[in-house]
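Novice: These are the residues of each chain, in order.
Number of protein chains: 2
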Amino acid sequence: MDETLLMIPGPTRVAPRVLKAMSENIVNHRSAVFGEILTETTEMMSEVFQTDNQSYILTGSGTAAMEAALGNIIEKDDKVLTIVGGKFGERFMQITETHRGQPVKLEVEWGHAVDPKDVEYILEEDDDIKAVTIVHNETSTGVTNPIDKVGKIVKDYDALYVVDTVSSLGGDDVFVDGYNIDICVTGSQKCLAAPPGMSAITLNDDAWKVVDNTETYNYYLDMKRYRKSGSAKPPETPYTPSVSLMYAMREALIAVMEEGLESRIERHQLAALATRNGIKAMGLELFAQLEVSSNTVTAIKIPEGVTDKELRGTMRNKYQIELAGGQDHLKGNVFRIGHMGNITHREIISTISALEMTLKEFNLDVCLGTGVAAVEEAYLIG
Amino acid sequence: MDETLLMIPGPTRVAPRVLKAMSENIVNHRSAVFGEILTETTEMMSEVFQTDNQSYILTGSGTAAMEAALGNIIEKDDKVLTIVGGKFGERFMQITETHRGQPVKLEVEWGHAVDPKDVEYILEEDDDIKAVTIVHNETSTGVTNPIDKVGKIVKDYDALYVVDTVSSLGGDDVFVDGYNIDICVTGSQKCLAAPPGMSAITLNDDAWKVVDNTETYNYYLDMKRYRKSGSAKPPETPYTPSVSLMYAMREALIAVMEEGLESRIERHQLAALATRNGIKAMGLELFAQLEVSSNTVTAIKIPEGVTDKELRGTMRNKYQIELAGGQDHLKGNVFRIGHMGNITHREIISTISALEMTLKEFNLDVCLGTGVAAVEEAYLIG
Chain A
929 MDETLLMIPG PTRVAPRVLK AMSENIVNHR SAVFGEILTE TTEMMSEVFQ TDNQSYILTG
989 SGTAAMEAAL GNIIEKDDKV LTIVGGKFGE RFMQITETHR GQPVKLEVEW GHAVDPKDVE
1049 YILEEDDDIK AVTIVHNETS TGVTNPIDKV GKIVKDYDAL YVVDTVSSLG GDDVFVDGYN
1109 IDICVTGSQK CLAAPPGMSA ITLNDDAWKV VDNTETYNYY LDMKRYRKSG SAKPPETPYT
1169 PSVSLMYAMR EALIAVMEEG LESRIERHQL AALATRNGIK AMGLELFAQL EVSSNTVTAI
1229 KIPEGVTDKE LRGTMRNKYQ IELAGGQDHL KGNVFRIGHM GNITHREIIS TISALEMTLK
1289 EFNLDVCLGT GVAAVEEAYL IG
Chain B
929 MDETLLMIPG PTRVAPRVLK AMSENIVNHR SAVFGEILTE TTEMMSEVFQ TDNQSYILTG
989 SGTAAMEAAL GNIIEKDDKV LTIVGGKFGE RFMQITETHR GQPVKLEVEW GHAVDPKDVE
1049 YILEEDDDIK AVTIVHNETS TGVTNPIDKV GKIVKDYDAL YVVDTVSSLG GDDVFVDGYN
1109 IDICVTGSQK CLAAPPGMSA ITLNDDAWKV VDNTETYNYY LDMKRYRKSG SAKPPETPYT
1169 PSVSLMYAMR EALIAVMEEG LESRIERHQL AALATRNGIK AMGLELFAQL EVSSNTVTAI
1229 KIPEGVTDKE LRGTMRNKYQ IELAGGQDHL KGNVFRIGHM GNITHREIIS TISALEMTLK
1289 EFNLDVCLGT GVAAVEEAYL IG
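Sequences listed follow chains A and B, in order.
Counted from 1, the first sequence has number 1274 at position 346 by our numbering; the numbering is strictly sequential.
Counted from 1, the second sequence has number 1290 at position 362 by our numbering; the numbering is strictly sequential.
Since the hints were made in silico from the structure, they are not lab data.
Take the hints with a grain of salt, since some may be wrong.
Given that identical chains are not distinguished, each listed pair holds provided it fits within a single copy or across any two copies.
Unchecked claim - When the alpha-carbon atoms are kept at most 30 Å apart in a straight line, the in silico DSS-like pairs for lysine-lysine are as follows: (1) 1156 - 1237; (2) 1004 - 1152; (3) 1156 - 1033; (4) 1246 - 1161; (5) 1137 - 1077; (6) 1152 - 1058; (7) 1156 - 1259; (8) 1229 - 1161; (9) 1229 - 1045; (10) 1156 - 1229; (11) 1015 - 1208; (12) 1004 - 1045; (13) 948 - 1246; (14) 1058 - 1007; (15) 1152 - 1033; (16) 1015 - 1161; (17) 1237 - 1161; (18) 1015 - 1156; (19) 1007 - 1152; (20) 1077 - 1058; (21) 1208 - 1259; (22) 1259 - 1152; (23) 1004 - 1058; (24) 1161 - 1259; (25) 1237 - 1152; (26) 1045 - 1137; (27) 1004 - 1156.
Bound-form chain A, shown alone (with noise of 0.2 Å):
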């Protein structure tokens, strides 16, 4: 059994009770028993977004949730407007082009959040744009976008607003219905805590309006056959789902009242506040612009003298912590810490004083405990 502990942003640390919901006996996936799985789950999953909509939970990574929302909406030549600060939402670029849509990329410095008003800005004078499409938590580079106020700005224009929550939902605010939000995904490996392959989407009756509009290419991801077969009685999926994974995500789900959504999106707040507070009284320097840092990722700048094979390398097999490299032109520049899903002060506390240890044993200026120190007085503050 790998003991490694997981603080990389997905899949994170999954409680056993979730692990041993995966155990139970397959049940056929057109029965009642299973229908009835299905309408819990799905209906919870709602509740997370915080939407009066139907959710959708699809076998699949969150990218074949992305794939769903814009595959479903987008046809030839139609114009996306995509905002672009780090990899994922670059993918949301790529399915576009993929699906033979026109992105109006709108770039954002890397670390950096999108500026509501440049928005509006391209809004504003491009009439053509049919969908905008954020990602809220980019998991790339530890930055939180303000899908809120971008909202707000998209709703007074003929697009459909599209928001990548794979990383967020569940750690961070995201109200489907309150920010309006057309269309919504995320994943099952982040905040959530539940096994990676499944990922979740919701629709609003804008956004289905559209998908009724549009001949799309996806099969699997035809998000009109998941309309119709989640109406049936007893509600089913279109394709066989992963049982054992619907199994995990009820039980992860129901963690997740049984906390209370509000309570643990504190609780991610104050793991990411006494991580980053941490990092910088260590004297390590942060990726993201402080003001829009992220609730569940913290990307940390290598520092001179180690190098990002040493430092992740050393946390993995002395200290048995997983970091995550940086990617695309990040790699071996930031290394991040992932905190979410099931993290407590414990966790926080493992690994920034692994961190220092290993800063040590590279010969780097580091104050044994000070690290530590901090993730303390964050947690005692509250």
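Once you've looked at the hints, dock chain B against the given chain A.
Specialist: Then chain B, alone, in the frame of chain A:
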């Protein structure tokens, strides 16, 4: 814990050792340890496919793999010879249409297998056929198509041979290389007896050549991305895979290897023969033509005097055995017994026995013990 015995054509009963594998801790999907698991699993997959090609495991159902097969080789107006003799043949046709290909439909009466000569005739008449799709084991009718003979024909033409072995691989002979199959797909939850939610695909060099020259609309199912990530060191999947299901898939494939592929197929053959003999001895009528009947699923005409709901409801509620109904126009007219995966004489006996009691309960003319005796006889002869 649901103890209903699944005698449906997938998902099938999953062995405790495989369920248990899923309760292992989640590891980083971009790590050496996961890379090893992925390598081991895909290598075993190629062994089961009986191919020298690389195999890829997708997080998604068999339908995802079917779309991965066609969506990566079809462009607008490309002609696809689609052999349709059941629901899954139709699915290949629908996927062709979704990707704007032009299906050339070779319709086969449900319950019958395709005549290879008909395939030859169409290929001879039409030079433009880019691919031929065939479903090895038509789950909806319990028919096995002669993929070996059709393969011998297709290889003489400039068309890719795309074979769905979702409900046959591991329970019937599939020699991907030996049958000249260019693209082969399968699912996790059928004869391989892993939980649902994963599928696999393998492509030979001829297929890759077409993939490399096709502008796909697939993003999540873009095989070029799978190839690229798969050849990284350590090997990865392009998007976060279902780590837990990969554990299960590996364990299920190890179990297949332990049993031996040939023995496993013989076990399936015997279970199919015993089921058919039991059914016939009870005086019920098989739906599929006997000489092309499936190793893994048997479709049976619902006799006069009992409805589908009564028959399957009693089997489920009184005897805790789940059977499958008919699909599409066969709904209410046939029921299906899946005898795939980990099925032994015990489950076949239990099922035939419960069926005898059920029919008796509805006052049908059935002599208790006759079906069971026929099953026993089949197993005694072996």
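Novice: A separate judgement is required for each hint: does it hold in the structure or not?
Specialist: A quick look at each hint next to the structure:
In this assembly of identical chains, residue 1156 and residue 1237 lie within 30 Å of each other by CA distance solely across copies; the values are 22 Å between and 49 Å within a copy. When the C-alpha separation of residue 1004 and residue 1152 is checked against a cutoff of 30 Å, the pair qualifies both within a copy, at 19 Å, and between copies, at 22 Å. Taking the closest pair of Cα atoms, residue 1156 and residue 1033 come within 30 Å of each other only across two copies (26 Å); inside a single copy the shortest separation is 34 Å, beyond that limit. In the homo-oligomer, the alpha carbons of residue 1246 and residue 1161 lie at most 30 Å apart only across protomers (22 Å), although the nearest pairing inside one protomer, at 53 Å, exceeds that limit.
In this assembly of identical chains, residue 1137 and residue 1077 lie within 30 Å of each other by CA distance solely inside one copy; the values are 24 Å within and 47 Å between copies. With identical chains, the CA atoms of residue 1152 and residue 1058 are at most 30 Å apart both within one copy (19 Å) and between copies (29 Å). Taking identical chains as interchangeable, the C-alpha atoms of residue 1156 and residue 1259 lie at most 30 Å apart only when they sit on different chains, with a minimum of 18 Å there against 43 Å within one chain. In this assembly of identical chains, the alpha carbons of residue 1229 and residue 1161 lie at most 30 Å apart only when taken from different copies (25 Å versus 53 Å within one copy).
Proximity of residue 1229 and residue 1045 under a CA criterion of 30 Å is satisfied intra-copy only: 29 Å inside one chain copy versus 66 Å between copies. For a Cα distance limit of 30 Å, the shortest separation of residue 1156 from residue 1229 across copies, 28 Å, qualifies, whereas the shortest one inside one copy, 48 Å, does not. Taking CA atoms no more than 30 Å apart as the test, residue 1015 paired with residue 1208 passes inside one copy only; the shortest distance there is 25 Å, against 60 Å between copies. Proximity of residue 1004 and residue 1045 under a CA criterion of 30 Å is satisfied intra-copy only: 28 Å inside one chain copy versus 40 Å between copies.
Proximity of residue 948 to residue 1246 under the C-alpha cut-off of 30 Å is found in both arrangements, the shortest distances being 29 Å within a copy and 28 Å between copies. For the homomeric pair residue 1058 and residue 1007, the shortest alpha-carbon distance inside one copy (6 Å) is at most 30 Å, but the shortest distance between copies (32 Å) is not. In this assembly of identical chains, the alpha carbons of residue 1152 and residue 1033 lie at most 30 Å apart whether taken from the same copy (28 Å) or from different copies (25 Å). For a Cα distance limit of 30 Å, the shortest separation of residue 1015 from residue 1161 across copies, 21 Å, qualifies, whereas the shortest one inside one copy, 40 Å, does not.
Taking CA atoms no more than 30 Å apart as the test, residue 1237 paired with residue 1161 passes between copies only; the shortest distance there is 15 Å, against 53 Å inside one copy. Proximity of residue 1015 and residue 1156 under a CA criterion of 30 Å is satisfied inter-copy only: 17 Å between copies versus 33 Å inside one chain copy. Proximity of residue 1007 and residue 1152 under a CA criterion of 30 Å is satisfied in both settings, with 22 Å inside one chain copy and 26 Å between copies. Taking the closest pair of Cα atoms, residue 1077 and residue 1058 come within 30 Å of each other only inside a single copy of the chain (19 Å); across copies the shortest separation is 50 Å, beyond that limit.
For the identical chains of this complex, residue 1208 and residue 1259 are intra-copy neighbours only, at 21 Å inside a copy versus 65 Å across copies, given an alpha-carbon limit of 30 Å. For the homomeric pair residue 1259 and residue 1152, the shortest alpha-carbon distance between copies (23 Å) is at most 30 Å, but the shortest distance inside one copy (39 Å) is not. With identical chains, the CA atoms of residue 1004 and residue 1058 are at most 30 Å apart both within one copy (12 Å) and between copies (24 Å). Taking identical chains as interchangeable, the C-alpha atoms of residue 1161 and residue 1259 lie at most 30 Å apart only when they sit on different chains, with a minimum of 15 Å there against 49 Å within one chain.
For a Cα distance limit of 30 Å, the shortest separation of residue 1237 from residue 1152 across copies, 28 Å, qualifies, whereas the shortest one inside one copy, 46 Å, does not. Taking identical chains as interchangeable, the C-alpha atoms of residue 1045 and residue 1137 lie at most 30 Å apart only when both belong to the same chain, with a minimum of 28 Å there against 47 Å between chains. For the homomeric pair residue 1004 and residue 1156, the shortest alpha-carbon distances inside one copy (25 Å) and between copies (27 Å) are both at most 30 Å.
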